[in-house]
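Peer 1: Here's the letter readout for the chains.
2 protein chains.
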Amino acid sequence: MHDPQSALDYARQQRGEALEDLKEFLRIPSISTLPEHKPDLVRAATWVADALRGLGLKAVEVLPTAGHPVVYGEWLQAKDSAPTVLVYGHYDVQPVDPLNLWKSPPFEPAIRGEDLFARGASDMKGQIVAQLKAMEALVKTAGLPLNLKFMIEGEEEIGSPSLAAFIKQHRSKLSCDFCLNLDSGVLGPDIPSLTTALRGLAYFEIRIQGPAGDLHSGIFGGAVENPANVLARLIAGMHDQAGRVTLPGFYDQVRALTEGDRADLAELPQGDDWWMKQAATKALAGEAGFTATERATSRPTLDVNGLLSGFTGVGSKTVLPAKAMAKVSTRLVPDQRPEQVHESLLEYMRRSAPPTVDWEVDLLAAALPSVIDRSGAEVRTAAVALETVWGKPAVYKREGGTVPVVGMMQEALGIKSLMLGFGLPDDNLHAPNEKFHLPNFYRGIDTLIRFLAALPT
Amino acid sequence: MHDPQSALDYARQQRGEALEDLKEFLRIPSISTLPEHKPDLVRAATWVADALRGLGLKAVEVLPTAGHPVVYGEWLQAKDSAPTVLVYGHYDVQPVDPLNLWKSPPFEPAIRGEDLFARGASDMKGQIVAQLKAMEALVKTAGLPLNLKFMIEGEEEIGSPSLAAFIKQHRSKLSCDFCLNLDSGVLGPDIPSLTTALRGLAYFEIRIQGPAGDLHSGIFGGAVENPANVLARLIAGMHDQAGRVTLPGFYDQVRALTEGDRADLAELPQGDDWWMKQAATKALAGEAGFTATERATSRPTLDVNGLLSGFTGVGSKTVLPAKAMAKVSTRLVPDQRPEQVHESLLEYMRRSAPPTVDWEVDLLAAALPSVIDRSGAEVRTAAVALETVWGKPAVYKREGGTVPVVGMMQEALGIKSLMLGFGLPDDNLHAPNEKFHLPNFYRGIDTLIRFLAALPT
Numbered sequence: 000m001h002d003p004q005s006a007l008d009y010a011r012q013q014r015g016e017a018l019e020d021l022k023e024f025l026r027i028p029s030i031s032t033l034p035e036h037k038p039d040l041v042r043a044a045t046w047v048a049d050a051l052r053g054l055g056l057k058a059v060e061v062l063p064t065a066g067h068p069v070v071y072g073e074w075l076q077a078k079d080s081a082p083t084v085l086v087y088g089h090y091d092v093q094p095v096d097p098l099n100l101w102k103s104p105p106f107e108p109a110i111r112g113e114d115l116f117a118r119g120a121s122d123m124k125g126q127i128v129a130q131l132k133a134m135e136a137l138v139k140t141a142g143l144p145l146n147l148k149f150m151i152e153g154e155e156e157i158g159s160p161s162l163a164a165f166i167k168q169h170r171s172k173l174s175c176d177f178c179l180n181l182d183s184g185v186l187g188p189d190i191p192s193l194t195t196a197l198r199g200l201a202y203f204e205i206r207i208q209g210p211a212g213d214l215h216s217g218i219f220g221g222a223v224e225n226p227a228n229v230l231a232r233l234i235a236g237m238h239d240q241a242g243r244v245t246l247p248g249f250y251d252q253v254r255a256l257t258e259g260d261r262a263d264l265a266e267l268p269q270g271d272d273w274w275m276k277q278a279a280t281k282a283l284a285g286e287a288g289f290t291a292t293e294r295a296t297s298r299p300t301l302d303v304n305g306l307l308s309g310f311t312g313v314g315s316k317t318v319l320p321a322k323a324m325a326k327v328s329t330r331l332v333p334d335q336r337p338e339q340v341h342e343s344l345l346e347y348m349r350r351s352a353p354p355t356v357d358w359e360v361d362l363l364a365a366a367l368p369s370v371i372d373r374s375g376a377e378v379r380t381a382a383v384a385l386e387t388v389w390g391k392p393a394v395y396k397r398e399g400g401t402v403p404v405v406g407m408m409q410e411a412l413g414i415k416s417l418m419l420g421f422g423l424p425d426d427n428l429h430a431p432n433e434k435f436h437l438p439n440f441y442r443g444i445d446t447l448i449r450f451l452a453a454l455p456t
Numbered sequence: 000m001h002d003p004q005s006a007l008d009y010a011r012q013q014r015g016e017a018l019e020d021l022k023e024f025l026r027i028p029s030i031s032t033l034p035e036h037k038p039d040l041v042r043a044a045t046w047v048a049d050a051l052r053g054l055g056l057k058a059v060e061v062l063p064t065a066g067h068p069v070v071y072g073e074w075l076q077a078k079d080s081a082p083t084v085l086v087y088g089h090y091d092v093q094p095v096d097p098l099n100l101w102k103s104p105p106f107e108p109a110i111r112g113e114d115l116f117a118r119g120a121s122d123m124k125g126q127i128v129a130q131l132k133a134m135e136a137l138v139k140t141a142g143l144p145l146n147l148k149f150m151i152e153g154e155e156e157i158g159s160p161s162l163a164a165f166i167k168q169h170r171s172k173l174s175c176d177f178c179l180n181l182d183s184g185v186l187g188p189d190i191p192s193l194t195t196a197l198r199g200l201a202y203f204e205i206r207i208q209g210p211a212g213d214l215h216s217g218i219f220g221g222a223v224e225n226p227a228n229v230l231a232r233l234i235a236g237m238h239d240q241a242g243r244v245t246l247p248g249f250y251d252q253v254r255a256l257t258e259g260d261r262a263d264l265a266e267l268p269q270g271d272d273w274w275m276k277q278a279a280t281k282a283l284a285g286e287a288g289f290t291a292t293e294r295a296t297s298r299p300t301l302d303v304n305g306l307l308s309g310f311t312g313v314g315s316k317t318v319l320p321a322k323a324m325a326k327v328s329t330r331l332v333p334d335q336r337p338e339q340v341h342e343s344l345l346e347y348m349r350r351s352a353p354p355t356v357d358w359e360v361d362l363l364a365a366a367l368p369s370v371i372d373r374s375g376a377e378v379r380t381a382a383v384a385l386e387t388v389w390g391k392p393a394v395y396k397r398e399g400g401t402v403p404v405v406g407m408m409q410e411a412l413g414i415k416s417l418m419l420g421f422g423l424p425d426d427n428l429h430a431p432n433e434k435f436h437l438p439n440f441y442r443g444i445d446t447l448i449r450f451l452a453a454l455p456t
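Top to bottom, those sequences are chains A and B.
The numbers in numbering that gives the first Met the number 0 rise by one with no breaks, and the one at position 335 of the first sequence is 334.
The numbers in numbering that gives the first Met the number 0 rise by one with no breaks, and the one at position 285 of the second sequence is 284.
Heads up, a few of these hints could be off.
Claimed, not checked - Sample of chain A residues at the chain B side, in silico, Cβ under 8 Å:
1) 214
2) 283
3) 286
4) 300
5) 310
Note that these hints are calculated values from the structure, not bench results.
Each residue gets a CB set at the ideal place from its N, CA and C atoms; glycine is no exception.
Just chain A, same shape as in the assembly:
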């Protein structure tokens, strides 16, 4: 284990430069979903590649994909027994609309109080720059005691459509011991935390077709099956009274939470009040027998994401709709798999849809759930680093959301991901006035220095 003090001192002296570098990166409007920003995606990728070259990484490339390119680079100078860590990040950002709600222009970084406001500040250019600065501090002082590879993509905000193929194509180049995924956060400015689990996703579109065309609901109502009513019945039937999902076999592969898991979750500062405040809702709901934190992070769920049928404008139109559509997604926990849940939904539809309608189900998006073993060396090392920097023990949280790349890495490379990032729940991700809490930026650099220096070699 390296003594990181000289690197920490270096990083402290370099905080001004780190902030300026981050601002420079944030000025590139790399909105991946908007075709007119394609040149900005290239600029952002080039910015990352240049930064990696500046740190002395080798084989730095901006590799093409079917969409936006992936930046790759490697530092393989450590001794043979040293671990190889693959750093994952993304240089793309979300759109900025509604622009009028921003207090300062989204691509002109502005500091107010202890926060740096800009699109991408927390999600996740700030995390990338923290990692670059941590590496720089070690390289310039005590030395980097392990091997690092970087894979920084440009399509995370549009669902990483090219990444699975990229990983498959570059499997040997990406070989590593584990992935350090910086696209994460902590529970609060004073709550050092590690994410040990993510939920998976199976996202469906269900389409119900009744009569060939829309009908007059006066002339035909009562005698002809109404696909919107059918859809409502089908969706209602997907949960039982206890809030459990009724799709056949849905829970068959669910790994039960251990008493230890539940104790960890119970210790988190995420009571009902916390969830209600975060969600801006007056009441919680969900599966009987579980806490809100368990429901939102560690139990599989089924939610309607969209409904559309018939006439939805102002006023009344007496139409008996020909079609009804629902977007329905399930969040998955280990060891559920999207394709199994797809089959469960199909079986449910075969059993429950009346013969008076036709139906189709499309699987629109899929990602595996993941969980990381708390006793692994990288998790323990990260926990110590967080505790040392924050001066209090790290908590182990689970996230209800999905980071598809984690499942891809697991599937294609057989490697686990350590989620270690420094964003906050109120950083306005994907919303106006995204910010990064600067004390977290600096503590993030320190944490990463301590983590990289302390990984067992």
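Based on the hints, put chain B in the right spot on chain A.
Peer 2: Coordinates of chain B only, in the frame set by chain A:
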């Protein structure tokens, strides 16, 4: 009773003129919902007023309303004991889009085979001209043995928003023995038929509000109530397994069908095949214990007319929606009333909506159901007229749709409406290639002559 033969002979000689008059009327694009057609509505109203004046009616006026004007005129020259009949019609028409599906321009009447194609041909300029020509034939020959008033509105196709106020304002002017409502049809070209009942309407918008704003379904899914799932449960709960509506008290005021009513309906040439063909559907559905005709015309129903929530575009967006909306309408039968059904729905929502969401219900449209006594003189007279012209007995049908003016007349003036018109189920009402079957146009004129001549004075 007048001998109508001279009038029938006159009408036969005048068929060419009748057709030309109808074409002239059809060339006016009186689309009531499109503001740019406002001058055409005035032209159409003026066309009707001029036609009434040409027939010798008095007090012909184009009376303003908050929307498009109503044409009024009266012929009060019959002896004191003669009945006064108020003729109802509308000079406005539906929009024509999609225009590219029309085989000939919608406002350039074209004859193909035995059909006259134009927007408004069947709904309902053809019916109005048939009535004008029947009156003309009597006036010019045997004489008109009764008093007639005309009330021809210009907003039927947008729900007659100004008519209730108009009727209230002109109550004494509109006094009459019954209303002859020409906005109707027969079951087939060879099936003389009379409509003896219409369903009423109570049309609602239900809005469910969950969290204050849309949430990420990964982060919050499972712990926060999803208003789209709640809406689906609420809609699903509005019917039981037997297809009956579960709103509390919904059936309390429903007048049961008599054995006679059911026998009449069973005699209609409207079997399951007929309904499936009309609806272009492969299967029927509905309340257990009733035939398709009974369900569609004589039983109250509840249908979803529209659904909207969350993300409905292409692809997947993992949103937990803040809101969900449904348009839900009920069709009513005697003696249900819209305001009672409104209260039933509110009570259902109070009992069934979970406390985890807020909800609102708006009543968007309301109309009373109506039924007419088959033994009344005007019904019997119309039946004889139909039988004489068609050479076979008329059938008594019920219509599932709603004609709001019928309820308004009943409420404001205490008068019944006789529905007598000559459209066909396949006339493409509200659709491209609307047509009027010309043999029905001429038989309609003859039927109206016989009816007007034979009404007991």
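Peer 1: Evaluate each hint against the coordinates.
Peer 2: Okay, the hints, checked on the actual structure:
Because the beta carbon of residue 214/A sits about 6 Å from the nearest beta carbon in chain B, less than 8 Å, this interface hint is met. About 5 Å separates the beta-carbon of residue 283/A from the nearest beta-carbon of chain B, less than 8 Å, and the hint is met. The interface hint given for residue 286/A holds, since its Cβ lies 7 Å from the closest Cβ of chain B, which is under the 8 Å cut-off. Interface hint status for residue 300/A: upheld, as the beta-carbon distance to the closest one in chain B is roughly 4 Å, under 8 Å.
Look at residue 310/A: its Cβ gets to within about 4 Å of chain B, closer than 8 Å, so that hint holds up.
Checked against the numbered hints above, the structure breaks none of them.
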